[in-house]
Each structure stands twice: as structure tokens, then as C-alpha cells.
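Asker: For the protein sequence lines, the chains are R and F, in the order given. Sequential numbering of the first sequence, starting at 40, is according to the numbering used here. Sequential numbering of the second sequence, starting at 864, is according to the numbering used here.
Heads up, a few of these hints could be off.
Label-pair restraints from in silico Cβ distances [what the hints assert, rightly or not]:
1. F:PRO1048 / R:LEU310: 53 to 59 Å
2. F:ALA995 / R:ALA293: 55 to 61 Å
3. F:ALA995 / R:TYR185: 20 to 26 Å
4. F:GLU991 / R:TYR185: 18 to 24 Å
5. F:ALA987 / R:VAL291: 31 to 37 Å
6. F:ARG990 / R:TRP145: 50 to 56 Å
7. R:PHE299 / F:HIS1073: 55 to 61 Å
8. F:SER1004 / R:TYR185: 30 to 36 Å
9. R:GLY177 / F:ALA995: 33 to 39 Å
10. R:TYR126 / F:LEU943: 27 to 33 Å
11. F:ALA987 / R:ILE306: 42 to 48 Å
12. F:ASP921 / R:ARG123: 22 to 28 Å
13. R:ILE267 / F:GLY929: 50 to 56 Å
14. R:LEU129 / F:CYS1051: 33 to 39 Å
Below, computed lysine to any residue pairings styled on SDA-like, alpha-carbon distance capped at 20 Å [claimed, not checked]:
15. R:LYS247 / R:LEU50
16. F:LYS1035 / F:GLY1055
17. R:LYS263 / F:GLY1055
18. R:LYS263 / F:GLN958
19. R:LYS263 / F:LYS1035
20. R:LYS263 / F:ASP962
Stretch-level coverage of chain R by chain F, calculated; a stretch enters the list once three of its residues show a Cβ under 8 Å from a Cβ in chain F [as the list claims (entries may be wrong)]:
21. 179 to 192
22. 201 to 207
23. 210 to 218
By construction, these hints were calculated from the structure, which means they are not laboratory data. Beta carbons are placed, not taken as given, at the ideal position from N, Cα and C, and that holds for glycine.
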Amino acid sequence: MNAYVLELLSLIAIYTALTASLNLLAGYAGLVSVCHAAFFAVGAYTSAILSTRYGWSVGGGALVALIAAGALGFSVARLAGRLRDEYFLLVTFALQVVTSGVLLNWIELSRGAMGISNVPRLLSSAGNSAIALVATSGLMVFAARYLERLPFGHALLAIRDDQRFAASLGKNVPRVKALAASVSAGMAALAGSLYAHWMQFVSPESFKVDKSILILSMVILGGKNTAIGSLGGAATLLIIPEVARLVVGGPVAANLQGIFYGLVLVITLSLRPSVLWRARL
Amino acid sequence: MGGVLLDINSVSRRFGGTLALNDVSLHFPFSSIVGIAGPNGAGKTTLLDVLSGFERPDLGSIVVCGIEVVGRRPWDISRLGLSRLFQEVRLSRSQTALDNVKLAYQSNPGESPRGFLRPRLIAAYERETEQAALRLLESLSLNGLADSIAATLSYGQQKLVALACCLASDAKIYLLDEPFAGLAPSICGKVGSIFNDLRARGCLVLIVEHDMLALQQCADRLIIMAQGEVRADGSPDVILRNAAVQDVLLA
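Okay, chain R solo, but in the shape it has when bound:
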């Protein structure tokens, strides 16, 4: 397989995992978030820094990344829990902007716009790394699916549909929401670790708000079905820009991308307006 196809497939695998993890939060818990790229970044930078500066193993770095992002997700949801769901969106937007700012400007930590290079590869050979990456992403999608089928997933849907109803049945609404945010953020961070060790390079450019919106678009395009939907949503939005690049050339396609994502969102939402139900209190 040539390197280009391998890279595209790996990106699809990583974004499928990201989409599945955001679906847990936005689709199931009804908490629409635009900071998934920030959690993704926490994972990627934690792994990159621990492995390049302190010689940590891939597994160790990924574990720390998972816990750090999980704790961050929990606190954000807990802080935003007192607010209505519209404000949750704003809080996540703020977190995204702050994270991007830190990555760009805290040079001692992140090396700023230069990024961190020479991150060790996942496994010694590129082929094995790709297999490990696809397998881990698959496991993450499976884990998301498992959680959604548990009574936990049903409780999330109940909270999304009607918070008062869920509370009247003894569901600790803020705690369950925070738990969902924690799991979702932890999974995004794990995808970030994979990404750092696969690309062997991280820079703030890969984790800006447009990536958060891209992941949210994948969730909306993918719809309710976590496994097939996440893969479909991620693959569609990653492959079409590549096709466009082949057809109209790089510079033009790069400018068309934003228009294209917007178009996909508008079409999807007008065909299936109930994809993201608003939670009511």
C-alpha cells in the first residue's frame, strides 16, 4: 500500500474514534461541544512531550493523557453543569480558544508554532503501526458502543430528552453529564496520543477550532449509529477534500473546504433536523 493511502486510512481511523467519542457527548447526552480538538490536543501533546523529553513509553504517555483529559472533561462539564445547555456550547468554545492559545504561546511547554517533532513511532515499522492504530481506534468505537448500550447510555438519552424526568427517577443529572464528558474527553485524548505517535509531529495547527467543528460535522453527518455512522461521517469528510484536491488542485481545494463543510452541514440538518435534539428542562 502506498504511503499516501496508508496515511489517509490512518487519519480516517483516528477521526472515526474521535467522532464516536463526541457522539457519546453530543448525540447521547445532548451536550453539543466544540472543544473536542482541545481534548484531542491534550492527548497528542501529553504523549509528544512525555515521550520526547522524558523518554516515556507510548502506553505510559497515553494513560496520562487519558486521565488528564478525562479530569479536564469532568471539570468542564461540572462547571458548566449549572448552566443551560446553550451555555455549555459557549464554555466549550472558550476552552477550545484557550487551549489553542496555550499551544501557540506557551513556548517552553509546546514549542509554539514550531510544534514538537521526532515523536517516536507507535511501533518500529510503519505497517505494524498502522495496524495497531486501526485496531485501537476500532476498540475505542467498540467501547463507545458498549457504554451506549449500558443503562448508562439509556440514562444519557433520558437526560437529553427530558432532564426533569431523569431527575425525578433518581438520576444525578450533573454527575451523569460530567461522567459522559469525562469518558468522551478521555477517548479523544487517546486518539490524540495515537495521532502524535503516528504522525511523529504535533503542532497547534492540527488542533484548532475548525477541527472541533469538523468532528462535530462528522457526528451530525454520521447520525445515530455510532459504529457505521462514525466511520461514514469521518470517511466522507476526509476523503472528499482529497478528491477535490486531485480534481481542482491544492490551493483552490483548500479554499473550497470551508464552503464544502458548511454545505454538508446545511444539507444534513435540513434532511434530518432531529439529529441533535435539544435537551429540555
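Mind docking chain F on chain R? Use the hints.
Answerer: Chain F in isolation, oriented as in the chain R frame:
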């Protein structure tokens, strides 16, 4: 069973300029069915909101089984054994009737991280709650609709599913806001006998209802409210013969 199950002491709640509850004190023993009636705006629903933790009283105390509940959150109060049926139908509309009822069973290991990695325990609990939920749906003549999405059911059916959720919680106190509204007459008798069973098990069933006939048939105590105050409290037959009460109800 003797003793007081629910104790409301001098509870007041003000919304802007209106006193929704004005110094309400009520005491409820075990094993009783109590009706609450009164014109719109009498404070009946506010009383239920205050009892179930959705509204916080400005003044007063509420004691459930010896525990002060003012200031506690709705889910904590629910776990103390207090179940609430809302006047407007509230359900998880995207899920099936069966899944809605299963939600109501408390301490589900599949809802907490400690249980996530114990699939066998979760599966066993799931089987148990599913059986119980199906029996409950059957007792309300809903067995054919267990797998229907709640949003697709009729108003009366949704109301019954919501009632099933209430009953599944295995509470001691049931706060039911218009449980008979929208139900077919054939099912009302069944629901009434379920309330009688609850009373026989020692539970307190508090029913807010406009249908005075239904209340007269099943309640053993009737409370009339108006303008946030308790205007009459006693046996239904006596209360309904009271001319002053008639004035309140017709006002």
C-alpha cells in the same frame, strides 16, 4: 402502620408578587390515599414541586421518613423513596416504553463507572428489571406496546408509561399530578386498584386531580387548596358537602 411519613411544616413559596404557597402545614401518615383539589393557581403543582425538590421553599421544612429534604436535589429526594408523576407527560421520548420503565429501577450497576466492567452483573440486573418492567406494563394493559418508541404513543398511553415509571421506582410516597387525565375510562378502574394496592403496602399516594368523582371514589382524605392556602382538609364525603368548599371549587 402508625407514625408520620411526610411532614410539611409552614412551607411558603413566592414567585415574584404571588404567594404560590402560603404557610402550608400538612401531615401524612403511612397507608393513605389523599386527594388535593382546588382551582387553577391554587398552588397544588407548586406543592408537589417543592416536595420533590424541583422548587425550593422560601420558608418551612419538609420531613420525609424523619429526614429533612428542603435543600436536597430532586434525584436525592427520589432515592429517599419519593416518586413524582408530572402533570405534563414527561418521558424519554426517543426510547421505547420498556426502556423508559427500566430507567426507573434504582441503583443500576450499569450506570456507574464501578459497574461498567462487570458485564455479568449488569446483564443479571438487566434481566431482572426487564421482567419486572414487563409485568408492570402488563398490569397497565400496555404489554403490546413495550417496544414502541414513547414519542409514537398516544397521550393516554404516554401518561400510563410515565405512571409505570413512577410505580417501578418502588417508592414510599407517590406524588401524582392528574394521573387520571387523558386515560380511557376502562383503565381508570385498574389504576385506582393499583393505588389501593400501594395503600395496602403502607405507601402514601398524593393525587392532584380535577376529577372530583375519581377522588371521591379512591381517596380517604381530601385537601382543598386555593390561593396557596389549605382551605379544607378531611374526609371526602364531608368536605364535598361543605358549601364553602363548593364556592372554592367553582370559583
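Asker: Kindly confirm whether 27 to 33 Å is satisfied by the beta carbon distance between R:TYR126 and F:LEU943.
Answerer: Between R:TYR126 and F:LEU943, where Cβ atoms are some 30 Å apart, the hint holds.
Asker: Taken at face value, is the distance from the CA of F:GLY1055 to the CA of F:LYS1035 at most 20 Å?
Answerer: holds (17 Å)
Asker: If you check the beta carbons of F:ALA987 and R:ILE306, does the distance land in 42 to 48 Å?
Answerer: At roughly 45 Å between Cβ atoms, R:ILE306 and F:ALA987 fall inside 42 to 48 Å, so the hint holds.
Asker: Between F:ASP921 and R:ARG123, is the Cβ distance one that fits in 22 to 28 Å?
Answerer: holds (23 Å)
Asker: Confirm or reject the coverage of the segment 201 to 207 of chain R by chain F under the rule of 3 or more residues with a beta carbon closer than 8 Å to the chain's beta carbons.
Answerer: holds (count 6)
Asker: The segment 179 to 192 of chain R covered by chain F? Criterion: 3 or more residues, Cβ-Cβ distance below 8 Å.
Answerer: holds (count 4)
Asker: Hinted pair, alpha-carbon criterion (20 Å max): R:LYS263, F:GLY1055. Please report holds or violated.
Answerer: Violated. R:LYS263 to F:GLY1055 sits at ~40 Å, over the 20 Å cutoff.
Asker: Can you tell me whether the CB distance of F:SER1004 to R:TYR185 sits inside 30 to 36 Å?
Answerer: holds (35 Å)
Asker: If you draw a straight line from the CA of R:LYS263 to the CA of F:ASP962, is it 20 Å or shorter?
Answerer: The hint holds at about 17 Å.
Asker: If I claimed the Cβ atoms of F:PRO1048 and R:LEU310 lie 53 to 59 Å apart, would that claim hold in this structure?
Answerer: violated (43 Å)
Asker: Between the beta carbons of F:ALA987 and R:VAL291, is the distance compatible with 31 to 37 Å?
Answerer: Check failed, 59 Å falls outside 31 to 37 Å.
Asker: Range hint 33 to 39 Å: satisfied by the CB atoms of R:LEU129 and F:CYS1051?
Answerer: Violated - the Cβ-Cβ distance for R:LEU129 and F:CYS1051, about 47 Å, lies outside 33 to 39 Å.
Of the numbered hints given earlier, the model fails hints 1, 5, 14, 17, 19; all others are met.
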